[in-house]
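So the chains spell out like this:
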Amino acid sequence: MNTVGTPIVRLSSVAKRFGEHAVLDGLDWQILPGQIVGLLGRNGAGKSTLLECMLGLRELDRGSVTLFGEDVAALSEAARARIGYVPQKTDLFDWLTPDQLLDYFKAMYPRWNDAKVEGLLGRWGFGARLRRTPVKRLSGGEQQRLAIIRALAHDPDLLVLDEPVSALDPLGRRDFLRELVDGVIERGTTVVFSTHILSDLERVAFDLAFLKEGRIVLQGQADALLENEKVSLEDLFIRTTRDAASEVAP
Amino acid sequence: MMPLAQYRALLRVTTVQRDGGRHFLYGKPVLGVFAVLTATFSVGFTHDWTDFAHVARVLLGVAASWLALAWTMLFLPASMTMNSAAHARLLPQQRRGLLHLAAAGWALVTCAMAVAAGDWRFGLVVGMLLQAFALVFGARPLALVLVVAAGNSTWLAPMLLPPAVVAAFAGPAGQAGATLAVLALGTLSLRWLYPAGGDAHLALSARQATMLAHAGAHDVAEGPAPHKHAGPVALRVYGAALRRAGRRRDAARLLMLGLGPVAHWSAWIGGAFSIVLIGVCARLALWWTDAEPVRALVNGVGGLGMASMVLAVAFSTAQFGQQLRRHAGEEALLRLTPLAGDVKLLNRRLAGQLLRAGLLNWALLTAAIVAATYVFDAGDEAVLREFALCCLAGQVALTGLLGDYAEKGGWSLALAFQAAVVAALDGAASVALGWWNAGTPWPWMIALALATGALQVLYSRRRMLAAPVAFPAGRMA
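If you read the protein sequences in the order shown, they are chains A and B. The C-terminal residue of the first sequence carries number 250 in the working numbering, and the numbering is unbroken. The C-terminal residue of the second sequence carries number 477 in the working numbering, and the numbering is unbroken.
Hints in this document: simulated from the structure, not taken from any laboratory. Accuracy of the hints is not assured; some may be wrong.
[What the hints assert, rightly or not] Covered, in the sense of this in silico footprint (three residues per stretch, anywhere, with C-beta under 8 Å from a C-beta of chain A), are these stretches of chain B:
1. 249 to 255
2. 334 to 340
3. 384 to 392
Where a beta carbon is used, it is the ideal one built from N, C-alpha and C, also for glycine.
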């Protein structure tokens, strides 16, 4: 896996507050081309905010973000065409059918992998009838699968997944992870993957990053981290992200 | 009965503590408007300043108007949200307290209005209106019929009801009967507004949350904005527009179509058709019979009825802001697409398309209203009046159409209040200019509304272009 070269994502001294609460506090982070990074943190740690700031969807209070070497606030068309994103909350245009939705987004991209879209739709249970059903009548899992297909359809070089499997059943998660490994990671796509399902992360993420108190407090290759600490990923997660205040004295 | 302290606590939570006490109803602009209203009514209706009873009634009327707003916009949404399914089941005393407070507030406003007007019937009409608005909040949209009936009862009743019934209603027995009917309806309304838990409660509270969000009470109802459904014809027109924009890769159109079919001009086809149909039906009725009651009814519908249709023009753009907030995740994706353009280009494209859609809605509805008025054979004066009112309503629709959507754009109660004040000022100035020139106010109203609307658009467009990108709306701060 090629993970050398200039960082594809670079965040420098990024700060973001919501009122009195500092969500990101001078965060520095960089992701190299081809890296598969699992982003971990407790509920409310700011994972979604970090990913939104990374993509330029939220204004920063301080700091800078570059994607593909460009300032995220002024990304070129070419750079935007290289990004795929599955937000935590999939609120698809629910009056459209899956076919209409995909056609809509196809018009917004210069490159669109029709064969991949057709393949995924077929493998993930979107038959002819379902493809003509308005999105609002699809189940939560079907909507999430559609959101993932849409994010993969233009063969992005950077794929940002914010808890993409939260609404999927075990079978749906298995299909998604298989697609992620076979169809995305194998072609050298850089992936940033936030999830609470640690077993999924263990299957795909080669690198782990732990977000705590507004900073990346621990980052490294998953195997090396687990080997050094001699613990399971769950124990490492608890140990790394636990608040000092929540420690219980023996 | 609950202890008085608990009533006080419930009242504080649902009124003065809402928005940290910073609700726009407590703001200086609103209080200033009410002060101006007090002064205007005092000067206009009081000829003898020593007639303290008269002055007191004017003051009571203005105060009751503010109370009516506070009851409808502050207390009701907050108290309905407090009465969640779990609270209703586990805290029955709280539910009873909210019921008592709602009834007391309603009775206070109704009685104060009746005393201020010196006519119990006026109080009853106000009481019915308040109930109807409350029911609309309570996800009973059919109550809109009641709003229209109560609002137009003064001219509709003499036309539709036999003279004997109208005369009976004016007497003490009739008024007592009407009072009992309004009280019965009020009791039923309270049970709908504050359900007592269970599955029905859960189903209703979801609809209530969307209605409250629709009315701008986002702070107490964090549900998604409601989605008005477009009819089959509108959906077909929207689908065709979507395919055309996709084929042409027209980024601006695609961004606007991303707001859904309810933000497309075709969503108003049914409304415009209905308005014209009313005109045609009235014309046919007159052709069939020239009876005096029919003529009176047609005149009433052609005058006040058509004038009330301009409300549709005023609210024709209210959906845009709601739609922008409904699909923040998708808008984030749209913003990341290559075709969407950079921050300034995206905002410029969206501003242009919002303005285009707003003007299309205005043109469609105005054409329907003016055509219907013409079909009524109401005369040139009436056609000019309806066009002028449509222009004024169009000016209202343009308020808040463009703006800083990244922070807070679109329709809100505060903005509606501002639009109403500006429209009232324009209307008053038109009447004054018409009177000054010994003519009708309508040409002045057209000129003032167009000029004010253009200024609003210029200012708000500049503000929108300077703002952070509008996609995703409301999530940038």
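We went through each hint and held it up to the structure:
1. With 3 residues carrying a beta carbon less than 8 Å from a beta carbon of chain A, the stretch 249 to 255 of chain B meets the three-residue requirement, and the given coverage holds.
2. Residues of the stretch 334 to 340 of chain B lying with their CB closer than 8 Å to a CB of chain A number 7, which satisfies the three-residue condition for coverage.
3. Under the rule that three or more residues need a Cβ within less than 8 Å of chain A, the assignment of the stretch 384 to 392 of chain B is violated, with 0 such residues.
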